[in-house]
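Residue numbers (our numbering), protein chains in the order written: chain A, 1 to 189; chain B, 1 to 278.
Just so you know, the hints here were simulated from the structure itself, not pulled from any lab data. Predicted model only: the values in this text are computed from it and were never measured. Check each hint, because a few of them may be wrong.
Lysine-lysine pairs mimicking DSSO-like chemistry, simulated, CA-CA at most 30 Å apart [stated by the list, open to error]: (1) B/212 to A/173; (2) A/157 to A/185; (3) A/157 to A/74; (4) B/8 to A/185; (5) B/8 to A/157; (6) A/157 to A/173; (7) A/173 to A/185.
Some chain A residues close to chain B (C-beta under 10 Å, calculated; not the full set) [stated by the list, open to error]: (8) 34; (9) 60; (10) 65; (11) 133.
Sample of chain A residues with no beta-carbon within 10 Å of chain B, all distances over it, derived [said to hold, decoys possible]: (12) 137; (13) 141; (14) 168.
Note that the Cβ used here is the ideal one computed from N, Cα and C, for glycine as well.
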Amino acid sequence: MIHVATAVMTLSGETPIRGGIDSDVALAARGDSSAFERLYRTHVARIHSLTRRMLGRDQADEVTQDIFVRTWQKLGQFRGDSQFSTWLHRLAVNVVIERRRSFALQRERLTDDPAALDLVTVAPGRTDLTVDFEHAMEQLPPGAREIFVLHDVEGYKHREIAAMLEIAAGTSKRQLHRARMLMRKHLNG
Amino acid sequence: MHEEWTDKLSDYLDGELPGDEREAVESHLAGCAPCRNVLEDLRRVIARARSIQPRPPHQDLWAGIAERIEARPASDKVTPLHASEAQRPLRMPSRRISFSLPQLAAAAVLLMALSGGVVWLIVSRPEGLHYNQSNAGVQVPRSEGSSADVQVPGNGGSSADLPPSREASADRRSLGEGGQVRRDDDVQAASVTFADQQYDAAVADLEGAVHKGRGRLDANTIAIVEHNLQIIDQAIAQARQALGADPANSYLSSHLVEARRRKLDLLRRTAALTGETD
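The shape of chain A in the complex, shown without the other chains (with noise of 0.2 Å):
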C-alpha cells in the first residue's frame, strides 16, 4: 500500500516528512499547485482577514497575495514542527511587519512618546462605526492598531509582540491599552 503523501516525498529518494501533516501541505511542498489553492482556500479569510486589519483594506488583497507566494517559496522549509496554520500565520504576521517596515511607519507610530496619546481622537461624525467593531478597529492608528490585532483579536502575547515588531514589551502593553480605550469610546457611541 501506498499513501499519498509519503509516495510523493519518496519519489524523489528524499526523507519523507515525518507523520501528521496535511497530505496537500506535502503535495503543494513538492509543486502540486492544486494542492496548494486547496490550502489557499482553507486559510485565505484568516490570511486576509489579519492584513486587512493590520494594514488596511487599500493593500490587503496584495499582500496576502504576496504572502501566499512567499508560503509557495518557503513550503520547503516547512517540517511539520507545529501545525500548517500556525507556520503560515507567522509567516503571514512576518510580512505584513515587513511591510509596515518598508512603508517607514513602524518607527514613527510606535514611539514611547506619553504624549502621543493625547494625540489620539476618535475621528468627528464616525461614531456610527460603534455597530461596526471591525471597521472601528481599522480606524484606530495603526501603531495601536496592529498590537490590538495581535494581542486581543490574534492571541500572541506581549513577549511575542515585543519580538516580532522589535519593541520593548511596556510599549506594547501600552499601546494596547490605547487601543482598548479607543474601542470603548466606539464600543458606547
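Given chain A, put chain B in place with the hints provided.
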C-alpha cells in the same frame, strides 16, 4: 474616572500586574464605580475582539497567486514523475512580450484568415468528419506547424471497457447519433470537439491505468483522489454551464481549460503512483 488607576486596567485584565499592584487595583475598584465601568467596557472590547470571525476577500485572489507561482517552483526542484522528464527543464524562462496596437491588429487579421482557412478545409473535405464505432478517427487537416492527426478512439478502442468520465460523457453529447458529427453542425462547435475528444481519450486512458492499479493505493489515498476529482468535475460542469450562458466569456473559457488540465494532471500523478504508466 481616575487615570492613574484606569491605566492599569488592561494589565489587570491580562494578568500582567504583580500581586501587590493587583490587590491595590482591586481595592480601588471596590470603592470606585466609574473605574468599574471602565473595567467592564474593556472586558466588552476584549470579548468582541476575540469573537470576530475571519472574512474572505471580496474577490478571489487565487488567479494572481497562480500566475506568480507558475513562474517559480515551490521548492528548489520539482520532482519529475518520469525519468525522461528529468532530462529537460521543467519550465522555460518566462519572457515578457508586448505588441503595439498595429501589430495586434495585424495579428488578429492573420489569425482570422488562418482560422477561416482551417474551417474551410474541414468543411470542404468530401468525406466530412466522422466518429464511428470502429477505430477510425477524426482526421484533422494538418497545417504547417500543427500537431499530427488527432486519433480519436472509437468504442472498440483501448478505452472501450472503461466507464466514461462524467465530463467525457457530457462532451460526447456534442456528437450525433452513432457518434457521427453532423456536417451541418456549427463549425466552431465541431472544432472545439476535436480538443475535447483528444482530452477524453487521455482521461479515459489514465482512468483505466488508475483503475487497474488502485489495489496498490490505500483506501485513504483513493478517497482523497476521488474527492479531488469530484471537486474538479464540479468545477468543469459549472464552467460549462456558465459558458453555455456566456459563450464569449474568455475568463470562463480559460477557467474551463485550467480545470480540465488539473484533472488530467491529477490522474497522471495518481497513475504514476500506481506504477501503471511506468
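Status of each hint after checking the structure:
{"no.": "1", "hint": "B/212 to A/173", "in the structure": "violated (63 Å)"}
{"no.": "2", "hint": "A/157 to A/185", "in the structure": "holds (24 Å)"}
{"no.": "3", "hint": "A/157 to A/74", "in the structure": "holds (25 Å)"}
{"no.": "4", "hint": "B/8 to A/185", "in the structure": "holds (18 Å)"}
{"no.": "5", "hint": "B/8 to A/157", "in the structure": "holds (17 Å)"}
{"no.": "6", "hint": "A/157 to A/173", "in the structure": "holds (10 Å)"}
{"no.": "7", "hint": "A/173 to A/185", "in the structure": "holds (19 Å)"}
{"no.": "8", "hint": "34", "in the structure": "holds (5 Å)"}
{"no.": "9", "hint": "60", "in the structure": "holds (7 Å)"}
{"no.": "10", "hint": "65", "in the structure": "holds (5 Å)"}
{"no.": "11", "hint": "133", "in the structure": "holds (5 Å)"}
{"no.": "12", "hint": "137", "in the structure": "violated (8 Å)"}
{"no.": "13", "hint": "141", "in the structure": "holds (16 Å)"}
{"no.": "14", "hint": "168", "in the structure": "holds (14 Å)"}
Hint check: violations occur at hints 1, 12; the rest are consistent with the structure.
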